[in-house]
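Visitor: Here the structure of chain X is known, so what remains is to put chain S in place on it, guided by the hints.
Protein chains: 2
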Amino acid sequence: MNPDISRERGNASFDLEILTNILDGGAEKTRRRREIESLVIRDPDFQHEDLNFLSRSERYDAAVKKSAQMIVKLREYGISDPEEIYSYKSCVHRGRPEPLDLHLGMFLPTLLNQSSPGQLETFFMPAWNLEIIGTYAQTEMGHGTHIRGLETTATYDPSTQEFVLNSPTISSIKWWPGGLGKTSNHAIVLAQLYTQGKCFGLHAFITPIRCMKTHVPLPGVVVGDIGPKFGFDEVDNGYLKLENVRIPRDNMLMKYAKVEPDGTYVKPPSDKLTYGTMVFIRSMIVGESARALSKSCTIAIRYSAVRHQSELRPGEPEPQILDYQTQQYKLFPLLATAYAFHFVGQYMSKTYHRISGDINQGDFSGLPELHALSAGLKAFTTWAANAGIEVCRMACGGHGYSRCSSLPDIYVTFTPTCTYEGENTVMMLQTARYLVKSYKQVRAGQHLTGIVSYLNEPQSRIQPQSVSSRPTVVNINDLVSLVEAYKLRAAKFVEMAAKSLQMELQHSKSNEDAWNNTSIDLVRASDAHCHYVVVKLFASKLSEIGDTAIHSVLSTLALLYALHGVQQNSGDFLQTGQISVPQLAQISQRLKGLLSELRPNAVSLVDAFDYRDEMLNSSLGRYDGNVYEHMFEWAKRSPLNRTEVHESYHKYLKPLQSKL
Amino acid sequence: MNPDISRERGNASFDLEILTNILDGGAEKTRRRREIESLVIRDPDFQHEDLNFLSRSERYDAAVKKSAQMIVKLREYGISDPEEIYSYKSCVHRGRPEPLDLHLGMFLPTLLNQSSPGQLETFFMPAWNLEIIGTYAQTEMGHGTHIRGLETTATYDPSTQEFVLNSPTISSIKWWPGGLGKTSNHAIVLAQLYTQGKCFGLHAFITPIRCMKTHVPLPGVVVGDIGPKFGFDEVDNGYLKLENVRIPRDNMLMKYAKVEPDGTYVKPPSDKLTYGTMVFIRSMIVGESARALSKSCTIAIRYSAVRHQSELRPGEPEPQILDYQTQQYKLFPLLATAYAFHFVGQYMSKTYHRISGDINQGDFSGLPELHALSAGLKAFTTWAANAGIEVCRMACGGHGYSRCSSLPDIYVTFTPTCTYEGENTVMMLQTARYLVKSYKQVRAGQHLTGIVSYLNEPQSRIQPQSVSSRPTVVNINDLVSLVEAYKLRAAKFVEMAAKSLQMELQHSKSNEDAWNNTSIDLVRASDAHCHYVVVKLFASKLSEIGDTAIHSVLSTLALLYALHGVQQNSGDFLQTGQISVPQLAQISQRLKGLLSELRPNAVSLVDAFDYRDEMLNSSLGRYDGNVYEHMFEWAKRSPLNRTEVHESYHKYLKPLQSKL
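Chains as they are written, first to last, in my numbering: chain X, 1 to 660; chain S, 1 to 660.
Bound-form chain X, shown alone:
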């Protein structure tokens, strides 16, 4: 054990295990998570070479191997709780996506939720037993965000009782679905349904794409891998071009909408039911933001505790880089953000379960708020985590660029969350739509409940005004007061966006133009709203914590998170009169103080996330702090070192000399 990092651990002011339990949601959950992790890590079937040393085809191969083993073992061990499956899976694949993700996470659930009883009988067991391996083919080359614009067609032919599937244009080729390129033999294809000469919009069709015996693509099916990406090397994101592919009528998922044998279309009773999965996935992504950022902080903070560089005091040894104020200023606000997002993730998960319970009882009333919240928070947290990972990486100096740090991998694995499951700007605008609607309801005399209830308060409808004309409301040392400031900022920005929209409506040709011409303001409103929600949820989490020492250190983190946000957005808070100019200097000083307060607990606060070395897979982030030894061992195993002299020397460099 590196002595620097041991010393850091001795400085903790709190009991690590209690904090880990809080993060896991209880001591029993911690125990079970560790049990599952040990199950994977001790399993000789899951040992593998460092993925960084493999080609993409080898990485895909290794991932398929592990996924196949994983499925056998999950059933062997009887692990069936979704959270436990998640733990097991992310341990097997070390947090990376894998080729069967879409089969397990989209194909099977969609079958379960949207099949008629007969379809369930036909398709579910073969899919459960991996004879049918499926994916979910929605996105097309030219269509992602706007799914109504999808171009793939499914035209019903009553003479044979078949649907004829086609990709009529190049932009209609299915593009991106995971597992589509090489792994799947079936796809649930989203296509525009045509029957009796009319288009009835998007429906889902179970489409065989490869022979179940030979895995060779079926006639009329052009399928393949979309090529290398920024990360996601293990996944065969694919393309699918359909050329008059005929499937039986029974392959349209018919739990809700139906096409009768004669081609008569029967409408679904409600469209709210398909809404839930999307909301669920977005809610889960908030937790992913917390995980990606907490891993990055673990690596950067541990490394900063063992890395020594430069001189602080002449003649003294080089200090730990964690002692530099600029380093603390980069990393500690991100640490606070990781904790904040973790608690927001817990809240989203709880809220989702509560509301989906209501939905199962036929009560849809909670869905619009959850939808708006999950959209905005998905965008807010992924953007912040995305930028934060890179700050962590660059805080590790040159070594952060090495794949042995794991930071490049965390980034490329995480960054797609900003785009998939709803592009972030589009998400922000969806939340804004809800906020503006709520604002209008208040103006129309309604009383709001839930997270937007702050829009009821009259003080939110005061015009923005100059800083000096209002009494200062914020106590910068009081989290409750800061939550209030964030709330007022959100209220003002919602109001400003709504008014700006109103004004545009007076000049614009259409509602849509007005909306577009206000969209910068609308995104800002959503951002301020989400920021408020995060600060508020962090603050309310504190009230649940009984342990004094942990309450104290988490309070420091929460205050840091809130004040750092005020500083970074000081124009907003000055503009809305929440803070005064002299307070800005006080905030700067207070922030420096908070950095110093956190310094002795920094390593223990990342230890509490409890990532095993096998999960982090980072030379810089090792628990024992023996960074350099392991970097050297790792480098020696680099494929370029397999021979002493690379063949290019004989091929090009040696001959070059004679030419000069």
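Keep in mind that the hints were calculated from the coordinates and are not lab data.
Please note that the accuracy of each hint is not assured.
Which copy? The list can't say, so a pair holds if one copy fits it or any two copies do.
[As the list claims (entries may be wrong)] 25 Å max Cα-Cα, derived SDA-like pairs, lysine to any residue:
#, residue 1, residue 2
1, Lys541, Ala12
2, Lys213, Gln657
3, Lys636, Glu243
4, Lys330, Leu505
5, Lys651, Leu39
6, Lys592, Asn569
7, Lys651, Leu54
8, Lys198, Glu318
9, Lys330, Asn569
10, Lys198, Glu260
11, Lys241, Met1
12, Lys350, Glu83
13, Lys636, Pro208
14, Lys592, Arg7
15, Lys651, Asn129
16, Lys437, Gln325
17, Lys541, Glu597
18, Lys65, Ala127
19, Lys258, Pro117
20, Lys636, Arg59
21, Lys440, Ser453
22, Lys213, His650
23, Lys636, Asn244
24, Lys509, Asp4
25, Lys65, Pro82
26, Lys241, Glu647
27, Lys499, Ala585
Guide: Relative to chain X, chain S alone:
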């Protein structure tokens, strides 16, 4: 040609070629650049498979091959002007680093600048003819920023007239030098010189590391590749562990310092001479920031002109995504930034040449300012471009994640500039040191000249105060007035940092502690200073432009750059009384207006950067806009598509079915 993009080009308000000439620095430079590019692009020896489809070893191999051919051809064509070599080289390697970069860019120049006449005779011609292939081995595993802390030792043994080189610790292993792993047979090793029992600090030693005949590592030399990184696949960044490696006395570079045969050390006359290269490279990096960002903007803006998505107006076709205000708000300020940095790069290059002329005449007076400027601007521009590339990538939706977009490659190739040649935060603090020193000189009654002369002005020494108590000074429609605002912001922030440092000095144990405790403020001061310099240089560039149409469009860009910066840092400008709260809303409105004004010129403004398709290598950024066709062609060539059925199916998926 895609009709959308043709239509865009028809909308340009200015003559493209004139703007390209301005960017290149004259019509003749444009002509010559294109001539050199054609030379490479037409050359059948430089055709290659898409690098995205190769393994790292294959990419290294392909790069060595091209580098070897490049050297022969450069000499064949007699291309010797450094800028022309740069053009040729970046065309051959499509802007990527290559295995001989350090040989050409550091080893040869260091030999030239620091060898004694005898050494020049011994080493230069073999190195010129690539019999000696060299690298520059400075950074160690444990030492990057603080070069005085390097641990490698060179101990003089007068009995044999040799130096004995050693890597005494694991952290002293040389780590990162490009071309060190596999390519080089020599390294200039930076080591602590010991002679006659005393340490004389860092000196440079020409160290043979591989046999010149067989390329096998020499005895006592442990050398290899440091393993895969975030990008830089073509370069064998290496490690070097020296175990009692003996080299002749004559292998110490002795133009300045010397060790006599008996071991007597002779001091160098001045240490300013080694300063120049570093300043030169940092100045060049400013230009790299402009290039990386302008490439990214070219890709994102062209793609946004051909991509259609969602509905703006019901019933109408899906609009070009460039018509969304949020998309314009992401991309146009970055376009303005790319232009700004381009002009700053031109200024830095000119200034460097002027000052190195002075230095050659023995006048070092310009060096400290250039040093401070190049450090800060290197950090300021690389941070901004780094974040900007990712904004461009994410503005392309899902397809920005595909390697066919080239955006992931631009990012990983560019991002190391934030760390190498001076870690950015360290750079900002070096600039801050100069600013604080200058501020103190003014306080001591001196009159400053040059870029910091604004610190002379008395208004900069007014206390920050509340927004309403000062008359508003900024005219938000006037660039000159905005330059003034940036200047005052910089002056205030320098003053605030200097005062904060002063205050810390009253409490701190040492100057160094005080400096560390003020470093957040010092970085902010540097940032404000650099921001001012960029806005000012953009504004002064405008005065050189005679063409009315181009002057007009560049003025719009400059105003957008300046106002966007005010909005993003509104707290600073409110705090220092430069703008008022009501002006903030006006700025928001004005920014929206500027986005609309730029919209018709957006594609032409990126066309003016004049990147050939071969240089961009991006399906999304193609000049002809035929994005989807080329994505599909590219994907079909993906290595995973070489077989219809991937072997993992037979190995794992087929057998899995029988186990379930």
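Visitor: All hints, please: hold or fail.
Guide: These are the hints, each one checked on the structure:
1. Taking the closest pair of Cα atoms, Lys541 and Ala12 come within 25 Å of each other only inside a single copy of the chain (21 Å); across copies the shortest separation is 55 Å, beyond that limit.
2. Taking identical chains as interchangeable, the C-alpha atoms of Lys213 and Gln657 lie at most 25 Å apart only when they sit on different chains, with a minimum of 11 Å there against 56 Å within one chain.
3. With identical chains, the CA atoms of Lys636 and Glu243 are at most 25 Å apart between copies only, with a shortest distance of 17 Å across copies and 50 Å within one.
4. In this assembly of identical chains, Lys330 and Leu505 lie within 25 Å of each other by CA distance solely across copies; the values are 24 Å between and 43 Å within a copy.
5. For a Cα distance limit of 25 Å, the shortest separation of Lys651 from Leu39 across copies, 24 Å, qualifies, whereas the shortest one inside one copy, 48 Å, does not.
6. In this homomeric assembly, Lys592 and Asn569 come within 25 Å of each other (Cα to Cα) both inside a single copy, at 17 Å, and across copies, at 20 Å.
7. In this homomeric assembly, Lys651 and Leu54 come within 25 Å of each other (Cα to Cα) both inside a single copy, at 24 Å, and across copies, at 18 Å.
8. In the homo-oligomer, the alpha carbons of Lys198 and Glu318 lie at most 25 Å apart only across protomers (21 Å), although the nearest pairing inside one protomer, at 75 Å, exceeds that limit.
9. Proximity of Lys330 and Asn569 under a CA criterion of 25 Å is satisfied in both settings, with 16 Å inside one chain copy and 18 Å between copies.
10. Within a single copy, Lys198 and Glu260 get their C-alpha atoms as close as 14 Å, which meets the 25 Å cut-off; across copies the closest is 95 Å, which misses it.
11. In this assembly of identical chains, the alpha carbons of Lys241 and Met1 lie at most 25 Å apart only when taken from different copies (24 Å versus 56 Å within one copy).
12. Proximity of Lys350 and Glu83 under a CA criterion of 25 Å is satisfied intra-copy only: 13 Å inside one chain copy versus 61 Å between copies.
13. With identical chains, the CA atoms of Lys636 and Pro208 are at most 25 Å apart between copies only, with a shortest distance of 21 Å across copies and 46 Å within one.
14. For a Cα distance limit of 25 Å, the shortest separation of Lys592 from Arg7 inside one copy, 23 Å, qualifies, whereas the shortest one across copies, 54 Å, does not.
15. Proximity of Lys651 and Asn129 under a CA criterion of 25 Å is satisfied inter-copy only: 17 Å between copies versus 51 Å inside one chain copy.
16. Only between protomers do Lys437 and Gln325 lie at most 25 Å apart by alpha-carbon distance; the minimum there is 21 Å, versus 44 Å within a single protomer.
17. Taking CA atoms no more than 25 Å apart as the test, Lys541 paired with Glu597 passes inside one copy only; the shortest distance there is 21 Å, against 48 Å between copies.
18. When the C-alpha separation of Lys65 and Ala127 is checked against a cutoff of 25 Å, the pair qualifies only within one copy, where the shortest distance is 18 Å, while the shortest distance between copies is 49 Å.
19. Within a single copy, Lys258 and Pro117 get their C-alpha atoms as close as 13 Å, which meets the 25 Å cut-off; across copies the closest is 90 Å, which misses it.
20. Taking the shortest Cα distances, Lys636 and Arg59 sit within 25 Å of each other both inside one copy (20 Å) and across copies (19 Å).
21. Within a single copy, Lys440 and Ser453 get their C-alpha atoms as close as 13 Å, which meets the 25 Å cut-off; across copies the closest is 53 Å, which misses it.
22. In this assembly of identical chains, Lys213 and His650 lie within 25 Å of each other by CA distance solely across copies; the values are 11 Å between and 47 Å within a copy.
23. Proximity of Lys636 and Asn244 under a CA criterion of 25 Å is satisfied inter-copy only: 21 Å between copies versus 53 Å inside one chain copy.
24. Taking the shortest Cα distances, Lys509 and Asp4 sit within 25 Å of each other only across copies (23 Å), while inside one copy they are farther apart (66 Å).
25. In this homomeric assembly, Lys65 and Pro82 come within 25 Å of each other (Cα to Cα) only inside a single copy, at 22 Å, whereas the closest approach across copies is 52 Å.
26. With identical chains, the CA atoms of Lys241 and Glu647 are at most 25 Å apart between copies only, with a shortest distance of 23 Å across copies and 41 Å within one.
27. In the homo-oligomer, the alpha carbons of Lys499 and Ala585 lie at most 25 Å apart only across protomers (12 Å), although the nearest pairing inside one protomer, at 33 Å, exceeds that limit.
Hint violations for this structure: none, all hints satisfied.
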